[in-house]
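Participant: Sequence:
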Amino acid sequence: LDAVLVRVSGDQRLPAKPEMTALRDKAGTFVASFQYRDRMEGIPNHDDQGTYDRPHNLYCQYKPADIDPVLASLGSRPWLTGRPRLAVFLATERGTTHYALDAEDDRGMLMRESFGNAAVPLAMQVTFPTVAQLSQAGLDDQALRNAEMTKLDTLAKKAGADQALYGSLVWSDKELGWIADWRLAMAGKTYIWQVRGVGFDEAFRVAIRGAAQILSGNGQPE
Numbered sequence: 019l020d021a022v023l024v025r026v027s028g029d030q031r032l033p034a035k036p037e038m039t040a041l042r043d044k045a046g047t048f049v050a051s052f053q054y055r056d057r058m059e060g061i062p063n064h065d066d067q068g069t070y071d072r073p074h075n076l077y078c079q080y081k082p083a084d085i086d087p088v089l090a091s092l093g094s095r096p097w098l099t100g101r102p103r104l105a106v107f108l109a110t111e112r113g114t115t116h117y118a119l120d121a122e123d124d125r126g127m128l129m130r131e132s133f134g135n136a137a138v139p140l141a142m143q144v145t146f147p148t149v150a151q152l153s154q155a156g157l158d159d160q161a162l163r164n165a166e167m168t169k170l171d172t173l174a175k176k177a178g179a180d181q182a183l184y185g186s187l188v189w190s191d192k193e194l195g196w197i198a199d200w201r202l203a204m205a206g207k208t209y210i211w212q213v214r215g216v217g218f219d220e221a222f223r224v225a226i227r228g229a230a231q232i233l234s235g236n237g238q239p240e
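Residue numbers (my numbering): 19 to 240.
These are calculated hints, taken from the structure and not from any lab test.
Think about it this way: if two alpha-carbon atoms lie no more than 27 angstroms apart in a straight line, the pair counts; the simulated DSSO-like pairs of lysine-lysine are:
| hint | residue 1 | residue 2 |
| --- | --- | --- |
| 1 | Lys207 | Lys175 |
| 2 | Lys207 | Lys176 |
| 3 | Lys81 | Lys44 |
| 4 | Lys35 | Lys81 |
Turn these sequences into a full structure, and let the hints steer you where they fit.
Facilitator: What follows is the structure in structure tokens.
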């Protein structure tokens, strides 16, 4: 239920509300329909393997008529506007290695995949600038750190996105993880948020959750 309410509203604060305790106890009553899907669909049973041995995914469907009142009871509302496609401009630094993440470099393959995975739970999409686009704009990892969001938003459109999400990812031995700083502009205001001492998977989840919080009209990420 937590994931559904956050996905529909974009509001990351909902799971921490005290009212959620009672709502979780009756979460099943908000499900309109559900089905199980065999994760090994199309693969014959092995010898002595029954259907009880096969893993399944559970898919639940919800209706706005059921979920919208729940959101209203929490002081929230559905995020009905289109969800912008974000171009990620990321400066990465670990020891003597530093670079701007782009759409092509093999060094960034796992990070690009991780960012895409982080966007899925909130029904969002991300893209990355090409090497040529960064070069033409005069943006290496150092220049990215000081770039204005207006410039990045303009470049985001050339990268096939609606607007920019800027990030700085710096490894810290002291924190035993990455220090990630994020920036996103909306309605003339630039929002800034941070997470420390995490793996890059979590850093990217924090980035997407923060972006959703802002873009859905729910304000500053916590």
